[in-house]
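**Q** Spelled out, the chains give:
There are 2 protein chains.
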Amino acid sequence: MNIERINAAAIRLSGKARRTPLLSSPFLDEVAGKRILIKAECLQHTGSFKFRGAWSALSAMHPAMRARGVIAFSSGNHAQGIALAASRHGTTSVIIMPSDAPELKVNNTKALGAEVVLYDRATEDRDEIGERLAAERNLTLVKPFDEPEVIAGQGSTGLEIAAQAANIGVTSAQVLVPCGGGGLTSGIALALAAKAPALKVHPVEPAGFDDVARSLKSGRRETNAATTGSICDAIITPTAGQLTFPHMKRLCGAGIVVSDDDCLRAMADAFTRLKIVLEPGGAAALAAALYHSNSLESDTIICVASGGNVDADVFRDALQKYGK
Amino acid sequence: MNIERINAAAIRLSGKARRTPLLSSPFLDEVAGKRILIKAECLQHTGSFKFRGAWSALSAMHPAMRARGVIAFSSGNHAQGIALAASRHGTTSVIIMPSDAPELKVNNTKALGAEVVLYDRATEDRDEIGERLAAERNLTLVKPFDEPEVIAGQGSTGLEIAAQAANIGVTSAQVLVPCGGGGLTSGIALALAAKAPALKVHPVEPAGFDDVARSLKSGRRETNAATTGSICDAIITPTAGQLTFPHMKRLCGAGIVVSDDDCLRAMADAFTRLKIVLEPGGAAALAAALYHSNSLESDTIICVASGGNVDADVFRDALQKYGK
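Chains as they are written, first to last, in my numbering: chain A, 1313 to 1636; chain B, 1313 to 1636.
Pulled out of the complex, with its shape left as it was, chain A reads as follows (with noise of 0.2 Å):
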C-alpha cells in the first residue's frame, strides 16, 4: 500500500462520492479548550465513509468477475457502502450481516438492493460464513478493512483532510479516527504521511474494545475479550487487520479509549453544535477530543465523525441524557 494507490482510489471515487465538509463550532472550541473540527463522513453517501473502501474495491475490480456479484460481511455501514457500490456498477450484493446490527442498518442494505443473510456475532464465525457462500456462489469477497483497494478509497478520506485544513492555514494537529479493523484508520494515516506529515494519526476505540490501543503498546495484534457489549456497534471488531496493523504500527500514536456514555454525550453535541447525525461508533473520536483533551498535545484536533446511522430510539436516549 502507498500513495499512489490512494491517489488512484480518490480519481475513481471523483463525483462518486462526497468530499464531506470539515465543520466546527465556537462552542465545541470552548468545550475541549482546543480548536476541534470534525470531518462530517455521516454526511457520505450511506451515512458513512465505508462507501469509499466499497466504490474503491468496486471500481478496480475485473468487470468480469464484478459481474458475476459481489459478498461482504458487516454489522452494518460496509454493508450498505457495498450495497449501493454493486447496484450502482450494475451487479448484485450479498451481505452476511449480525444479527444484533441496528434495525435501521439492516433494512437499508436491503432497500439498497443487497440480499442480507443474518448470522449471531457471539457464536458463529462471519469470516467463515462468508469464504463459504463466496465459494458456493462464485462471489467476489470485498473484506471491511483487511483488503488494499478498502484501505485506498478510506484514504481518500485523508487526503481531503489534508487539503482542507491546509486550506485553513492549519499545518500541524492531531487526528482522531473511531477504530474497529483499522481500514479508515490505517488509510488516513498514510495519506497523512504523505501529504500532511504533521497531522499524527491516534485510533480511538469504546472501552472493552481497545484492541488496537493494547496492540499499538505491545506491538502485536491483540484481541478483544468480548464481542459484544458496547453501544458503538460499528468499531468492536475484535482484532485489527493483518494488512491495517503494520500501517497503524508505523504511523499511529497511542490510541485512546472512550466509554459508551462520552459517545451519546458527542452525539447530543454534535446535534446541538454541528447540526449532524452521528451513531455512537462515529462519535468515539468527537468524544476524545471533548472529553479527553486533557491527554492531547496539540491546539487543533482533527476528529473523524466517521458515520451516522443510528436507530431512532438510541438517538432520543443520547439527547434526553444530554441534550440541550
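These aren't lab readings, by the way, just hints derived from the structure by calculation. One should not assume that every hint holds.
Chain copies aren't distinguished; within one or between two, either way the pair holds.
To be verified - DSS-like cross-link-like pairs, simulated, lysine-lysine; straight-line CA separation at most 27 Å:
(1) K1346 x K1422
(2) K1507 x K1328
(3) K1328 x K1346
(4) K1422 x K1529
(5) K1633 x K1422
(6) K1636 x K1422
Remember, it's a predicted structure, so these values are computed and weren't measured experimentally.
Based on the hints, put chain B in the right spot on chain A.
**A** Frame of chain A, contents of chain B only:
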C-alpha cells in the same frame, strides 16, 4: 437590488460563510417519486443561512458606524447570525427576541456575545422597540430581511445552488424555500433569475401563516391573522417585506403550504436519510417536496434546508412520532 450586489456580497462572504453541500438520498427520491436535492444550510455557521445576511450587512457597513454597535430583532436565527458576525468584526450587538423563542436560540445568542432583550410577541411591536433602542444607544439597526445587504447575502445561497446544480447536470428544477419575511426567498430568486433561470423558486410556509402564498395570489402584501401557533418559529413572520415582496411577485411561482406535522416528519426523514438536524421551519421545503410532490411539475426538486436550531425535546418528539 441586482445580481452585481449579490455577487459583491458573495465575495465578502468568501472564506467567512460555509459553502454548504447539496445532499441527496435514493430513499428520499423514492418517497417523492422525484429527484430531491437538499441545500443543507443547517450546516452554515450558527446553524442557519442567516449568518450570510448578517455578515453581508456588517461587512458592507461603514467601519465607524459598525464600531458603535448594531441592533437586531429576531426569533433566533438572525439573532445568532448577527451576534457572531458582530463579534467576528470586533463590535457589539443588542438582540431583541420574542420571549417564546426556543431556549437554545436565546442561550446561543447570548453565548455568541450579544446582549439579549426579550419582548412579548403577542402584545408588543418589535419594530418599535428596535427603533427606540437604536436611537437611544446610537446603534445601527440590521433588519432581518427588509434590508438590501441582507437580501444580497442570502442571495449568495442562490449562487451556490446554481453552480452546484450545473455541476451535476441539473438545468431545470423547482427550488423550494422556507419563507418568513422573504429575505432568503427573494435573494435566491434574484440569484437564480440571473444565473440559472430554469430553476424556479417557490416559497413554502406553515398552514395559518401563508401570507406570502396569499400575497402572490392577490398581488399585494397580505398579513397573517395569528402571530403564534406554529412550531415553525423561524418563518411565522406576519407579512412579507416591502423590499422582498416585489422581487418574489416578479420571480416566484405559487406558494406551497405545509402542516406542522409535515415538518416533524421531514425532520425525522432528514435525520434517517441525510444525517442532518433540521428545525421545524427549516424542514418546511423538504416537507413540501416529500409529501406534496403531486403539486410539483418538475422531475427535480431542490429544497433549501434553511436551519437546524431546534431544542432537543422538539427533535425527540419528531423522532418518537416519525423516526425509524
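**Q** Between copies, within a copy, both or neither: which fits K1633 and K1422 at Cα up to 27 Å?
**A** between (32 Å within a copy, 24 Å between copies)
**Q** How do K1328 and K1346 come out at 27 Å by Cα distance, when the copy is not named: within, between, both, or neither?
**A** Classified as between; 20 Å across copies, 34 Å inside a copy.
**Q** Check K1507 against K1328 for me: Cα-Cα at most 27 Å, and say if that holds within a copy, between copies, both or neither.
**A** Both ways: K1507 and K1328 sit 22 Å apart in one copy and 26 Å across, limit 27 Å.
**Q** Reference check for the pair K1422 and K1529, CA-CA at most 27 Å: within, between, both, or neither?
**A** neither (40 Å within a copy, 45 Å between copies)
**Q** As a check of your reading, is K1346 near K1422 (CA-CA no more than 27 Å) within one copy, between copies, both or neither?
**A** Only across copies: K1346 and K1422 sit 21 Å apart there, 42 Å inside one copy, limit 27 Å.
**Q** How would you classify K1636 and K1422 at a CA-CA limit of 27 Å: within, between, both, or neither?
**A** between (35 Å within a copy, 15 Å between copies)
Consistency note: the structure conflicts with earlier hint 4 alone.
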